[in-house]
Every structure is written in C-alpha cells, then in structure tokens.
Amino acid sequence: MKNVAYYKPQDPSELLELMQAHKTRAVLIAGGTNLIHQMRSGEKEPEVLVDISELEDLTGIKTEDSYITIGSATTIAEIAASPVIGEHCPILATAAKQLGNPLTRNRATIGGNLANASPCADTAPPLLALEAEIHITSAEGQTRTVPADKFFMDYKWTHLDKGDVMTQIVIPKPHVAAKGGHTKLGLRKAAAICVASVALMLEKEGDVVQRARIAFGSVAPKPIRAYRLEHYIEGKSIDEKLLSHCEPLLQEEISPIGDIRGSESYRRFATASIFNRNLLQAWA
Amino acid sequence: MNTYHIEIKVNGEWREAEVTATDTLLEVLRSNLDAVEVKNGCEQGDCGACTVILEGKPVNSCLVLAVQANRKEVTTVKGIGTQESPHHLQTAFVEHGAIQCGYCTPGLIVSAKALLDQNPDPTREEIREGICGNLCRCTGYTKIVEAIEDAASKK
Chain A
1 MKNVAYYKPQ
11 DPSELLELMQ
21 AHKTRAVLIA
31 GGTNLIHQMR
41 SGEKEPEVLV
51 DISELEDLTG
61 IKTEDSYITI
71 GSATTIAEIA
81 ASPVIGEHCP
91 ILATAAKQLG
101 NPLTRNRATI
111 GGNLANASPC
121 ADTAPPLLAL
131 EAEIHITSAE
141 GQTRTVPADK
151 FFMDYKWTHL
161 DKGDVMTQIV
171 IPKPHVAAKG
181 GHTKLGLRKA
191 AAICVASVAL
201 MLEKEGDVVQ
211 RARIAFGSVA
221 PKPIRAYRLE
231 HYIEGKSIDE
241 KLLSHCEPLL
251 QEEISPIGDI
261 RGSESYRRFA
271 TASIFNRNLL
281 QAWA
Chain B
1001 MNTYHIEIKV
1011 NGEWREAEVT
1021 ATDTLLEVLR
1031 SNLDAVEVKN
1041 GCEQGDCGAC
1051 TVILEGKPVN
1061 SCLVLAVQAN
1071 RKEVTTVKGI
1081 GTQESPHHLQ
1091 TAFVEHGAIQ
1101 CGYCTPGLIV
1111 SAKALLDQNP
1121 DPTREEIREG
1131 ICGNLCRCTG
1141 YTKIVEAIED
1151 AASKK
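Protein chains in written order, with my numbering: chain A, 1 to 284; chain B, 1001 to 1155.
Chain A extracted, bound-state conformation (with noise of 0.2 angstroms):
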C-alpha cells in the first residue's frame, strides 16, 4: 500500500478543516470493514485517511419528537441494541441485526454501509420506506438534506461529491398505526450475503391502504423504493386478487441480476414471494 496519511479529527470544525485541507485526497475511515479490505485488494487508494469514528456529532441515536437522529458513524451493533430504534423503527432494527456478524457488527456503521452503495447494503431497504433523509456536509461547510432515495444515484455511486461528509440519518418517526415488514433472504442463516431484501410501511385507513411505502434490495443496480407498486396498492385492500395484480407492476420495478448466489429468475421468483408475505403480514 502507498504512503498514507491519518489524521482523527477532535471536532467538527477539526473535522472541516481537513476535508478543505484535503479535498479531493481525503477518504473517511470509521468502522473500515468494507474500507480496510479494498485498500488491501488495491480497490481503493487513499492518500489521506480521516477518521470519524469517535466524533461525538457523528454518533450516537437521539430521539426527539418526531424524528430520529442517528449518527453517520455509529455502529450497526448499537442500531440492533437500541431501545428506540426497536420500539419505533422495527424494520431497521432486524436489518441491523442481520448485517454480517457479530464481529464486524462491533466496527461496521451505519454512514459506512450507505456511503458503500453496494445494491445489498443491508440498511438501505428499511431507511428507504422510513423516508430517512441523509445530512450531507461539504468541506467547504455548506449542508444539504437528500432524501435516501436520492441519495443512492446508481450502482455503487452515491450524492456524496469528494470532502463531502455524511453527519447525520434523520428517520421521521412512524405513525403509531404505521405496521412495517422486513425480510432479508441470504444462502444461509446468519453472516449472509443478501439475495434479495424487501422493507416496506404500511398505514390503514378502514379497509384499504392509506399510505404504502416498499423498497427493495439486491435486486436492481441500487436499493430502490417502489413507487408504482406503492400508488397501485394505496387506496386499496390487500387480498390474493391484489397480490396477483401487483406482481407484474414488482417485476417491472425490480432488475436483478444473475450471479453466485442467485439466478436471475430466482431473484424475481423469491423477491415477489416475500413482497406478498410482507405486505400480508402487515396488513392483518
């Protein structure tokens, strides 16, 4: 590996200085499981490394009143353990406990899995359907919100522009009617490597859906929400007749590839699968 820098910033106005120092050189290092990993294999190459991953401002679960603040560098295994995360955002709460294992669980974080952009990232699906805004900080200081679809632009590529740094995940807390789902389907039952992942809320306003939101992951080149299929079933009830209506509209939103751990027509087959079991689920 080349000569590199390192430099643990002590607070943000530190943290400021070195992204404008170091711009376009500059490559944020928390938890490192996915980072130190391509610096070995050559697939990244940071001359400067800055390390966030004890920043006060960036860690940490706040709650306030109708939101949620969760750290760009807090750790996944902090997520899974969180009494808020589990009470108001449950879907997040599973993802978080089937990232990896429990070692890299330990150092992997939540900004970390975003910024990584892999299609499987397994927290993007949940914090899709919760509508989660990204807080985004440029080295020259200015701030911008993008909302987590946004924030995923195509495969492996994210909003985030060089010196750029990710502060802060603000989920808007559920409705308390709000119902959620979550499956993630991996080759086996833990330290898996999603196949195909669904998230998705549902409100219920008497006997049909008021508000749908449903994502996907590992079945296109990005997490995607599922916008038609969410407008098609708002207003609506959900029975088998439905399900059958929704499943072309799914195979139209969704575009998997074939590869190790799944054919494409698998992918399609078991992505609709657990879609209707979710949705089901919820709406009982």
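The set of hints was computed from the structure by calculation and includes no laboratory data.
Glycine residues also receive a C-beta, built at the ideal position from the N, C-alpha and C atoms.
Please note that the accuracy of each hint is not assured.
[As the list claims (entries may be wrong)] Derived coverage of chain A by chain B (criterion: at least 3 residues anywhere in the stretch with Cβ under 8 angstroms from a Cβ of chain B; other residues may be distant): (1) 96-104; (2) 172-186; (3) 204-216.
[To be verified] Far from chain A, by Cβ distances over 10 angstroms, these chain B residues were calculated: (4) Gly1012; (5) Val1036; (6) Lys1057; (7) Ile1080; (8) Gln1083; (9) Glu1084; (10) Pro1086; (11) His1087; (12) Val1094; (13) Glu1095; (14) Asp1117; (15) Arg1128; (16) Glu1129; (17) Thr1139; (18) Asp1150.
[What the hints assert, rightly or not] Cut-off 25 angstroms, straight-line C-alpha distance, at most; resulting in silico cross-link-like pairs (SDA-like, lysine to any residue): (19) A:Lys62 / B:Glu1055; (20) A:Lys8 / B:Lys1009; (21) B:Lys1057 / A:Asn116.
Knowing the structure of chain A, use the given hints to seat chain B on it.
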C-alpha cells in the same frame, strides 16, 4: 513514509509500536508485539481467526487499523487464560474435543468469552448466533457449542 507512534494495552500491559496508517491491528499484534496467538486467516473479516476483544467488544483485528487502536485496550486469547491457568472455557473446549486443527480456536475462545461476558446464560441459538463470525472447518461446530454451554453452566 508517514509513521505513527501508538500505545496499545495488550492483555493488561501497555505496549508501543511505530506503525503506518494502513497497518492493521492484526499485523501489528503479530509482527510488532509478538502476539502470534492471534491468527491470520482470510484478512477480510470472513473467518474470525483474528478475533480480539477491543475495548470490551469482539472484533476482527484484520479489519481495524492499528492507529485506530491507539490508547485502547486489547484482549487476546492469552489474556483470557494460559496453559498454566486456563479459563474454564478453554478447559471445556479441551474436554469436549471442540478442537481439531486448532487454528480457529483462539478466535472462538475470544468470541465465546465476549458472548458469556454479555450473556452469562445463553441459549443454544444465542451461542450459535454469538460465534457465527468464527469459522471452523473441522468440528462441524456441535462440540464447540456444547463446550460453550458447559462453560456457561460452570461459571
């Protein structure tokens, strides 16, 4: 070449090393600090052979930069028990035949210790979940799980 002076408390003793920004904790433990009981397996966080306890939490030392462990506390399998005075987890592994080639054992003992510290009376499922980051290609895990169950009951 940029190098950094770090201090790490390994099994209760403060140690110093000169490292580069990209040296991993695993490399520094083995090459600079003689902690060769920490095994190098896959170097990508799949196998768990390099598991250590860092500030109370089990981690893959191949996926931690040594500079990130500066001024922190690390426990390896030698900090859990020695040949002369083994921890009851280590005794249980021997008694249950939970060791064959032995390469995964230091990592598994460390993960099991971290699990029992957090959850002294785990179910069989919790044990399996707790050690799922540690691969063993010899035993088929049954004897390992039984050894951890036994060690928990004797605690």
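Cross-check of the supplied hints:
1. 96-104: holds (count 5)
2. 172-186: Answer violated; 0 residues pass the 8 angstroms Cβ test.
3. 204-216: Contact hint for the segment 204-216 of chain A vs chain B: violated, 0 residues under 8 angstroms.
4. Gly1012: holds (21 angstroms)
5. Val1036: holds (20 angstroms)
6. Lys1057: Nearest chain A Cβ is 4 angstroms from Lys1057 of chain B, so the label is violated.
7. Ile1080: The claim stands: Ile1080 of chain B keeps its Cβ more than 10 angstroms from every Cβ of chain A (closest is about 16 angstroms).
8. Gln1083: Answer for Gln1083 of chain B: holds, closest chain A Cβ roughly 26 angstroms.
9. Glu1084: holds (28 angstroms)
10. Pro1086: Holds, because the least Cβ-Cβ distance between Pro1086 of chain B and chain A comes to about 23 angstroms, which exceeds 10 angstroms.
11. His1087: At roughly 19 angstroms from the nearest Cβ of chain A, His1087 of chain B sits farther out than 10 angstroms, so the non-interface label holds.
12. Val1094: holds (24 angstroms)
13. Glu1095: holds (25 angstroms)
14. Asp1117: holds (12 angstroms)
15. Arg1128: It is violated; Arg1128 of chain B is separated from chain A by about 7 angstroms at its closest Cβ, not greater than 10 angstroms.
16. Glu1129: Violated, because the least Cβ-Cβ distance between Glu1129 of chain B and chain A comes to about 6 angstroms, which does not exceed 10 angstroms.
17. Thr1139: holds (17 angstroms)
18. Asp1150: Holds, because the least Cβ-Cβ distance between Asp1150 of chain B and chain A comes to about 21 angstroms, which exceeds 10 angstroms.
19. A:Lys62 / B:Glu1055: Measuring from Cα to Cα gives roughly 23 angstroms; hence the hint holds.
20. A:Lys8 / B:Lys1009: It holds: about 20 angstroms lies between the C-alpha atoms, which stays within 25 angstroms.
21. B:Lys1057 / A:Asn116: At roughly 24 angstroms apart (the allowed maximum being 25 angstroms), Asn116 of chain A and Lys1057 of chain B satisfy the hint.
When the structure is compared with the earlier hints, violations turn up for hints 2, 3, 6, 15 and 16 and for no others.
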